[in-house]
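A.B. asks: Work the whole structure out from these sequences, hints included.
Chains as they are written, first to last, in my numbering: chain A, 1 to 264; chain B, 1 to 260.
Calculated directly from the structure, the hints in this document are not laboratory data.
By construction, the Cβ of each residue, glycine as well, lies at the ideal position given by its N, Cα and C atoms.
Just so you know, nobody snuck in bad clues.
Examples of chain B residues lying across from chain A (beta carbon under 8 angstroms, computed): (1) Leu56; (2) Phe83; (3) Phe85; (4) Asp87; (5) Met91; (6) Pro92; (7) Trp93; (8) Pro103; (9) Leu106; (10) Arg134; (11) Arg136.
Far from chain A, some chain B residues (derived; all Cβ distances over 12 angstroms): (12) Pro5; (13) Ser42; (14) Gly43; (15) Glu186; (16) Asp242; (17) Arg245.
Letter by letter, the chains look like this.
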Amino acid sequence: MKPLLHNRDVLPVIAPVAIGALILAVWQGTCTVLAVPDYLFPAPSAIGHALTANWLTLLGALVGTLRVTLLAFALAVVGGTAVALLFAQSRLIEISLLPYAIMLQVTPIVAIAPLIIIMIDDTFVSLVICAAVVAIFPIISNTTIGLKAVDPGLLAYFRMVRASRWQQLVRLRVPSAVPFFLAGLRVSSGLSLIGAVVAEFVAGTGGHSAGLAYEILQAGFQLDMPRMFAALLLITVAGVAMALAMAGLSRIALAWHGTGGDEH
Amino acid sequence: MTAIPPVELLSVEKRFGNGVLGLEPTTLRVQPGEFVSIIGPSGCGKSTLLKLASGLAEPSDGRVWWWRGPFARVGEDGRRLAFVFQDPTLMPWADVAANVRLPLDLAGVPRAEADTRVAAVLAEIGLADRAGLRPRQLSGGMKMRVSIARALVTDPDLLLMDEPFGALDELSRNRLDERLLQLSAERGLTTLFVTHSIYEAAFLSTRVIVMAANPGRIFAEHVIDAPLPRGEAFRLSPAFADHARELTRLLTAASGEDDR
Numbered sequence: 001m002k003p004l005l006h007n008r009d010v011l012p013v014i015a016p017v018a019i020g021a022l023i024l025a026v027w028q029g030t031c032t033v034l035a036v037p038d039y040l041f042p043a044p045s046a047i048g049h050a051l052t053a054n055w056l057t058l059l060g061a062l063v064g065t066l067r068v069t070l071l072a073f074a075l076a077v078v079g080g081t082a083v084a085l086l087f088a089q090s091r092l093i094e095i096s097l098l099p100y101a102i103m104l105q106v107t108p109i110v111a112i113a114p115l116i117i118i119m120i121d122d123t124f125v126s127l128v129i130c131a132a133v134v135a136i137f138p139i140i141s142n143t144t145i146g147l148k149a150v151d152p153g154l155l156a157y158f159r160m161v162r163a164s165r166w167q168q169l170v171r172l173r174v175p176s177a178v179p180f181f182l183a184g185l186r187v188s189s190g191l192s193l194i195g196a197v198v199a200e201f202v203a204g205t206g207g208h209s210a211g212l213a214y215e216i217l218q219a220g221f222q223l224d225m226p227r228m229f230a231a232l233l234l235i236t237v238a239g240v241a242m243a244l245a246m247a248g249l250s251r252i253a254l255a256w257h258g259t260g261g262d263e264h
Numbered sequence: 001m002t003a004i005p006p007v008e009l010l011s012v013e014k015r016f017g018n019g020v021l022g023l024e025p026t027t028l029r030v031q032p033g034e035f036v037s038i039i040g041p042s043g044c045g046k047s048t049l050l051k052l053a054s055g056l057a058e059p060s061d062g063r064v065w066w067w068r069g070p071f072a073r074v075g076e077d078g079r080r081l082a083f084v085f086q087d088p089t090l091m092p093w094a095d096v097a098a099n100v101r102l103p104l105d106l107a108g109v110p111r112a113e114a115d116t117r118v119a120a121v122l123a124e125i126g127l128a129d130r131a132g133l134r135p136r137q138l139s140g141g142m143k144m145r146v147s148i149a150r151a152l153v154t155d156p157d158l159l160l161m162d163e164p165f166g167a168l169d170e171l172s173r174n175r176l177d178e179r180l181l182q183l184s185a186e187r188g189l190t191t192l193f194v195t196h197s198i199y200e201a202a203f204l205s206t207r208v209i210v211m212a213a214n215p216g217r218i219f220a221e222h223v224i225d226a227p228l229p230r231g232e233a234f235r236l237s238p239a240f241a242d243h244a245r246e247l248t249r250l251l252t253a254a255s256g257e258d259d260r
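C.D. replies: And the structure:
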């Protein structure tokens, strides 16, 4: 057992799994011994049962939430990058528009969501817009910083050889911004899931494209706690999967970029 | 009939935005094939002089000529200059070959021709087997060689260098100094070189300009008549020691009036 625990690759997997198993065992044990009713606090076995029993419904809800999340994320990436490129063009554009981008960021999405949902007929579209509004800001701010964080020596070289503004943008500013953009991407992916779930909550049960938040609300009304936990579990799994995917993407991109990965 | 000087600074003066006189009216002519080093205490305007000689900065007064006119850009016919900075200033996301190719890419040189020229210059500077590596995989000396290759690939006639080997250890610096002298001879380059090191100036130069500060000005000149090419034997010769001693004396005199 000891050599396994000292293995640097295995330990970060083994240790959290062990803690998780321990918590589940204590949770299950406590619920069984004290006979806690499922509608107060469900045991892991009850949650597992709820998950398998409502598998198709929950899977449909997961797909619904993921569709909103991924579309909002894509919209935030494209829109945020476009805005950042616009900001990088001139100081005047940036100082004129930045306050509005910040206003958009500091106003809580739960406060704006009802407005968007009322104004836009299609619930799915309004959910995507709500989530994209939350997710766009880290892309804008990080990419803008990255486009400006150019090595001064390299910038002096580009100016000396009379590179055009376009050449400076494409060959210098955009590549310099890649690590900053990737950091923004990681934050934004998490926020797009949060935005999607929050927007679903605000939209309530009226929508056709009912996601996991809808399942949680429904389960709450029916005091079906195991199903509520099952839906919650799926949201967490979706979040973790997106975070892992972004971490992997940024590792690959940084290795290509030459600023990450192993030394020669 | 005398040869046309690659760079001529004719009573150039540089006054900074705050009114401080960075360089008092100065005239300097560099003849074809010369290797001119500029040494001096900090604040003497040696980097300013080099920037004026490269067109990176405009003089407040006076004129700068290159071959009695303006210099040509990459891709144009005519005589060219290239500048090597104190730092290698390489793109970390591009490999050695792409870094060296940059000035050709920016000038719109066709890819096939650019690749041929890059391969030739990398072979010349001894980096042919490193073409696919990224800058962070290289030592400081190799990065500087890539930076020099990026200057040489544009086929310059005049090379301007601002303390290019200042950050290197002495052994790497000596090796690169020797390589630089060989390259200058092979390509018939004219070089204007700023350095902090008396020994580097004594080794490389055919002429050393000693500058003084407050205001920045040329204080003295010293000609080094040892034959080229030079190698380790010159560094160990009594003549080298004499030149180094004379440069030390001049530099001490130039620095004498202030900050001691």
